[in-house]
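Novice: Okay, here's what each chain looks like letter by letter:
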Amino acid sequence: METQEKEVKGSVQSAENPGLTAPADWQPVIIGILCNWCSYAGSDLTGTSRIQYPPNIRIIRVPCSSRVDPWFIIKSLQATADGVLISGCHPGDCHYIAGNYYARRRFLVIKNLLNFVGYHENRVQFSWVSAAEGAKFAQVVAKVTDDIKKLGPLHRYKKENF
Amino acid sequence: MSFSIYETDKQGLTAFYDAVAGKFETYAPVEKFGKFDYRRITKIAEGNPDSPIAATMTVKPLFFPKSSPILKFQENKEETLISNNIEGDLSSGKRVILGIRHCDARGLQVLDKVYSWDFIDTDYQKKRENTILVSTRCDKAGVNCFCTSLDYDVENSDAHDVKIVNGLNGKIYIKAVTQKGEDFLKESPVSLKLAGNDSDEEMKKQYKSFESSFRLKMNYKEINEKLQNKFDSPEFETISRNCIGCNTCAFICPTCHCFKISDEKIRDTGVRYKSYDSCNNTYFTLMAGGHNPRPVKYRRWRQRAMHKFVYYKERFGVNLCVGCGHCAISCPVNISIFEVVNKVANS
Amino acid sequence: MNYTKQIQDIASKLFTEGKIDIFIGYQQNSFDDNQVPVLITDPAEIPKLVFSDKSVFNLTNYLKFEHTKNKRVGLVVKGCDSRSLNLLLTEKQVKRENLYVIGVCCEGVTDDNGAKAKNCEVCVMPDPVVYDEILGNPSGKKPYRVDPDVAEVAKMPLVERADYFEEIFQNCIRCNACRHSCPLCYCSKCCIDQETSTLYNGSNTVSSAVHALLTWSMHLAGRCVDCRNCEKACPSHLPLHLLHKQNEKVIFENFQEHLSGMIADDRGAFYKYNQKDPDDFIM
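Protein chains in written order, with the numbering used here: chain H, 1006 to 1167; chain B, 516 to 862; chain W, 798 to 1080.
Do not take every clue at face value.
Stated by the list, open to error - Restricting the straight-line Cα-Cα distance to at most 27 Å, the calculated cross-link-like pairs of lysine-lysine (DSS-like) are:
(1) W:K1073 / H:K1148
(2) W:K892 / W:K913
(3) B:K538 / H:K1163
(4) B:K587 / B:K720
To be verified - Pair by pair, the computed Cβ-Cβ distance ranges are:
(5) H:D1049 / W:P935: 57 to 65 Å
(6) W:K892 / B:M802: 27 to 35 Å
(7) H:H1160 / W:E842: 52 to 60 Å
(8) H:P1028 / W:R942: 46 to 54 Å
(9) B:N744 / W:P935: 26 to 34 Å
(10) W:K986 / H:G1052: 53 to 61 Å
(11) B:I781 / W:P840: 54 to 62 Å
(12) W:K810 / B:K723: 33 to 41 Å
(13) W:E904 / H:H1160: 57 to 65 Å
(14) W:P844 / B:E752: 43 to 51 Å
(15) W:E842 / B:G711: 54 to 62 Å
(16) B:T800 / W:N799: 53 to 61 Å
(17) B:R782 / H:H1160: 53 to 61 Å
For the record, the hints were derived by calculation from the structure and aren't laboratory data.
A virtual CB, placed ideally from N, CA and C, is assigned to each residue, including glycine.
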């Protein structure tokens, strides 16, 4: 590891802890929580269409974006993740009629709350991706990865003693 | 065996504190969010040893931290590897704690009994050995204090290593109480003046005036004897009605030592923690099969009061409550253990 | 704001008519001028009852315990307390017919130092919204104002704010007094109390405090009525209202000026939706 660090020039600063840095070739870990009916199918389409997207995202499938409890986000950020992407059906397209409308309210509040207690606002991002939007999914993941690479590694409120 | 007494004044004391803080790893009450907590300081201006610390947090977390890792485990396909050499916040160097109160220091003495019984907690023992307690005697008792009414001698307490008494004549007396304290004062970074012959007299006078400022007084022996037959007292039910079961009393009590074990995991790695717990929690006695011997609040209160004033005394010969009044101050509905035991004993 | 006489009269009337089994009010501390809750079952204890601007604690918290559940209860509520009572009724935690509610038109309570309590400065509803009997003169709904503390903290740069909150979370000892003193936290098994589960963190470390407090405040988002029982109970004196007031601010500004517990049968902000809710933060 040490020899690698010496080879790499420059470093990435953590947005929340300016004192802590990572080597410039550092790769973030992003947790993607996708709804089963739209976004997960959309990501499938991205794959079958052979569209490339950054491999930093680790996908978790949930039945609906409304299934995403705020602590999924908090827990991810406290464990290994540097960022979280949550994706669901477009408003009006929810498989369960109104799940994403309820989810949207919670997302707005948790996003603001996390920013309020000291996470950068780009750490947690949301998107609507339908089953037909394979290209959009690739774009979204590219943008989120890019954003989080700029923010650097997350050190704030991580689990201790690991 | 008598130890030396030194005398000084306000400035001299500050200079002494400052020199100690510069030389040793020193902890003193530091204000945060309107309450005082023992924090690491490097000069005395950062903290305030004369603060009303007794009204807020205790010294317990420096010996028994609110949460400490006890082991780490890692799973792989074949086995689970366990490593239990986690350092925690075990300090190897000498520590000095300034501004501790007599009741808090007594709390540690009481805790020693349970920590050196059955299982010897080496982490705790090491911290105790490495720490010098510099205790300041209160000038006036707080509204919820009742330390003088219990089974220990506040005036000649040997729970701390050095005691500081603000004499009524304006002089401040620094007295070593143990050999550890005597050595500590001998090596003191500032030279201290030996006190005159009247120092004992002055300290007694200060104690008299301190003793007379107590609002709460009781006869410990009588209460302890009466309580032993009050297990079925209906008074517990009346008293516990007000309690909202918030656990604050146990978490900030200088002598409460119950803990829970919990695991935290990220993927295949986990850490096992030992953290504070309270007997006021519903799940505290909940068994795996679903049976709970203390399902209702008054039974949990009975356990708390009886453990403090009867059971611990029976087993270890000391009272678990030290009369600091922390619980009553922190309680959102001002339930005082003093009132509870008195009401029950006299019911 | 001194209704001691009226409340004593009403309580004794209720006991003689046999309408209630238990009365929840305030009593004077014997050693200072603060007041603490008192639960009365015996009419002989009625002279203990008092009410003044020191009657701070939100008594609806007592409605969740086994000794008050399914009993006929009389209690005193102020404006904010009645909002939490409204939510408890909506969420079917108490039966309206079991309650006899004395509503007090609140003129603001004082804190330990005798100054006006901070939550009263930003109070939106000093009058009771649920009551059987009302004391005082209603002064009507007040306009919503952003909490000055929240505005101040929100102005800090990100790193400074993160440091400020880290200090708060470090001081948390996870006694869960905030949860237990909250009238709206009535779950018999709370998720942040789950010690043995590895899903929720059982330890008292900073990360667990973040996890517990943020999860807890999200469960109260759109429901919290700003009675600040949690802050009064907190032994570390942490400014917990910051989290709740921040959520309240976001909810008020974005979701049709929603304020919790103001009208009957109005569940929290997360139990309803509007198709025109803000969408611009989502890609």
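Novice: Find the hints from earlier in the document that the structure breaks and name them by number, from lowest to highest.
Specialist: 2, 3, 4, 9, 10, 12, 13, 14, 16 and 17
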